[in-house]
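Trainee: The chain contents come next:
Protein chains: 2
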Amino acid sequence: MRKEIVNIGFLGFGTVGSGAVRILQENNVEISSRLSPRLKVKTICSPNIAKRDTSWVRDEVKYTTDPNVVLNDPEIDIVVEAIGGREPALSYINQAFEQNKNVVTANKLLLAQEGINLAKLAASKKLSLAIEASVAGGIPILNAIREGIAAEKIVSLYGILNGTTNFILTEMEKSGAAFDITLAQAQRLGYAEADPTLDIEGLDARDKLAILSMFCFGRYTSLEEIPTQGITQLTPIDFVYANQARCTIKLLCMAKIVDNDLLLSVAPTMVPHNSLLAKVNGSFNAIMITGASGGQTFYYGRGAGSGPTGIAVVSDIIRIARELTNGHTSLSSTFSFQNLEKSNVTELSQPYSFSVRFTVNNHLGVVAKLASILSENNINIHSISQDKLLTDKTNLSFVTMLEPTTPQQLHKALEEIKKLDFLIQTPLAMRIEENI
Amino acid sequence: MRKEIVNIGFLGFGTVGSGAVRILQENNVEISSRLSPRLKVKTICSPNIAKRDTSWVRDEVKYTTDPNVVLNDPEIDIVVEAIGGREPALSYINQAFEQNKNVVTANKLLLAQEGINLAKLAASKKLSLAIEASVAGGIPILNAIREGIAAEKIVSLYGILNGTTNFILTEMEKSGAAFDITLAQAQRLGYAEADPTLDIEGLDARDKLAILSMFCFGRYTSLEEIPTQGITQLTPIDFVYANQARCTIKLLCMAKIVDNDLLLSVAPTMVPHNSLLAKVNGSFNAIMITGASGGQTFYYGRGAGSGPTGIAVVSDIIRIARELTNGHTSLSSTFSFQNLEKSNVTELSQPYSFSVRFTVNNHLGVVAKLASILSENNINIHSISQDKLLTDKTNLSFVTMLEPTTPQQLHKALEEIKKLDFLIQTPLAMRIEENI
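Quick mapping for you: the protein sequence lines, in order, are chains A and B.
Going by the numbering used here, the first sequence opens with residue 210, and the numbers climb by one from there.
Going by the numbering used here, the second sequence opens with residue 210, and the numbers climb by one from there.
Extracted from the complex, chain A is given alone in its bound form (with noise of 0.2 angstroms):
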């Protein structure tokens, strides 16, 4: 069943679709010297065709508004889901394998939530499911983990997985101005939604960290068990303290195994200057993988827009067509491991160094009951810094940097800090990644 002209449907022409239309056109010469059969884009389904530009489309496509049209069309071999969001997608996608059709997707959301389902269905029908454009756009993290280093034992992993919030630190670092006029300032340039929720509270990294846990280590989680925290706490003056003790701020994920939990984390987190992580600047993403036989790698590339998203979604295409062209039914898994396992979610319990940043209405006295507080759990305070142009004594932020101790620990001591009335907001305490 050798195939002479595989054909796609796409399903939304957005950002994503779109691009991934663009390439398929401006890379054609490439793309046809990297496999036999030819790539034809045949329908485009969208709601609002009729508004989109699709003067540059050079093949002779069908558009329309009716997704049946796709999903019921024989001819069609990959149907690439880019609407995103839950509903309609998961209906379509199911609806596509039920037509026996290979599917390509960029949707974060849907793969968090119901990506072993779908997987699943796929291999029970022999289709393929290609998911590379739904975690860190252009870098092809999810193929490396499954296919670069299928060998590996991975041990950790440490991501920058959201553009938005990277590009909006990265922002205030550089120009020391408010969190909401940098978000303000993303939203014009289109780095940030106008509902930008998904992006600073921390939710889409969140769930491209579970995406990435099942390809890491074959487990999946209630994602909201996954502790969770955005950035919108963050102030310039953080960053002046960050930068005292050589490091930089960055909205970090974390997975790793810890005694046979899963141990996930998204945070604001304080990066060491001399981290490959803490050169991860503007809008890109990286990751960072720690393997016990071969040591770290680092991938680092542009997490969204329609090039990269794009690259991604064709390259899955490439990917399949290879395959259909080889006579082959489906690739060989969409995630690394052949059988994912539900996972219980751990909370970080070694001990860290903090900073934590406490914003005071200042008065004779506010360390020395602070510092009591923090001997009281046991936690040693390694130094307090004050800026010395801060010189609002109602509104006084300072940080102090404690030694080695459990989030626990920390927690518990905070609680009893936040109860104090000298506080004027609740502190914000960050775990300092030494060693990435």
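FYI, nobody ran anything at the bench for these hints, they're computed from the structure.
Among these hints, one or two may not hold up.
Identical copies go unnamed one by one, so any copy, or any two together, can satisfy a pair.
[Claimed, not checked] Keeping only pairs whose Cα atoms sit at most 30 angstroms apart, straight-line, the calculated DSSO-like set for lysine-lysine is:
(1) Lys-249 <-> Lys-383
(2) Lys-362 <-> Lys-212
(3) Lys-329 <-> Lys-249
(4) Lys-329 <-> Lys-212
(5) Lys-602 <-> Lys-271
(6) Lys-260 <-> Lys-271
Knowing the structure of chain A, use the given hints to seat chain B on it.
Mentor: Quick look at chain B alone, frame taken from chain A:
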């Protein structure tokens, strides 16, 4: 033809071979959960197997000094060629294909010379030739190019591809010690071989660059045509001057397509501190790829050693075993491209900024003379630096930074300068890569 056991035969049991066997054993739990057939090490062949410690090998393995025991065993599915060098490795691989066996190899020298022919032979017999371990050890870079960003039109590749030289350069920068002393230290620590020629003259990096250019551009060339410069000329003072220019020095590999010709180069290069490539220290490797659609991606990890190279070998074994499990005959392709074409190598001809170190017997008029020759060749001097600690006027090194000029213009000027009697050493010119 679903297989329950995939039998593996090893030719060679040095760093790479023993590393792979150890990983098959130690990561057995992870590997078994990633594919259904069991991977069994059936036979290990090494001319000096009697002297090797094999007490830790748990599989019931047949040991032999006769490669035919592996090559003629009809039960063996995958042969790992871990001997290195041209012969007898080439004959063994050919024989393995004749005997219908899939081949995994880390042999960069052989692949740079004969990769095309071997891949053709494998394809004609519907067998797999898997070569991830041949370039950048633990970094799954070939997989990334072939699968992960298969849709990309690659514009350029920059790489640090030799761990030995990168270790030496990092140590020279850190300690200020001379090249010879640092090389001896690298040899003591096992980072350099007794005969370090292939590494320090850039030939090992050149072979890997040749393989990468096949993956990026589908082009190959005679290895001798690739302009290759090693690191033996470098002195500690070069790092001092580089640092003043906010750069470090790396043995940088470059591959681009310029006017349909292949531009390849291996040379010590000035890399700005703010580039990710400047952060690649010690024996690590890294590759920066720029794509027309997806922009920059960067890959970093250990370039050599038993663990990282073993991971690449065993990951290739897993890829092949997955295909065998699915009843497929072979991997879709060794290279990213279906057909590779022979290409001329073109020389860098765009204007670049250069740093040139002159070592002279200093006297009045030296700078004037050099400046006038540069000026006669239409080369503008950006700056001239002389470290204040250098007091030996009879053997004085100073550096001129040149405004953008072509390598051809610079070469012409340097040919004239070389004739000057106050010159003690051949001037060392390094390209400054400002935008990587």
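Trainee: Now look at each hint and say whether the structure bears it out.
Mentor: Here is how each hint holds up against the structure:
{"no.": "1", "hint": "Lys-249 <-> Lys-383", "result": "neither (45 angstroms within a copy, 55 angstroms between copies)"}
{"no.": "2", "hint": "Lys-362 <-> Lys-212", "result": "between (37 angstroms within a copy, 24 angstroms between copies)"}
{"no.": "3", "hint": "Lys-329 <-> Lys-249", "result": "both (28 angstroms within a copy, 28 angstroms between copies)"}
{"no.": "4", "hint": "Lys-329 <-> Lys-212", "result": "both (25 angstroms within a copy, 21 angstroms between copies)"}
{"no.": "5", "hint": "Lys-602 <-> Lys-271", "result": "neither (67 angstroms within a copy, 77 angstroms between copies)"}
{"no.": "6", "hint": "Lys-260 <-> Lys-271", "result": "within (15 angstroms within a copy, 69 angstroms between copies)"}
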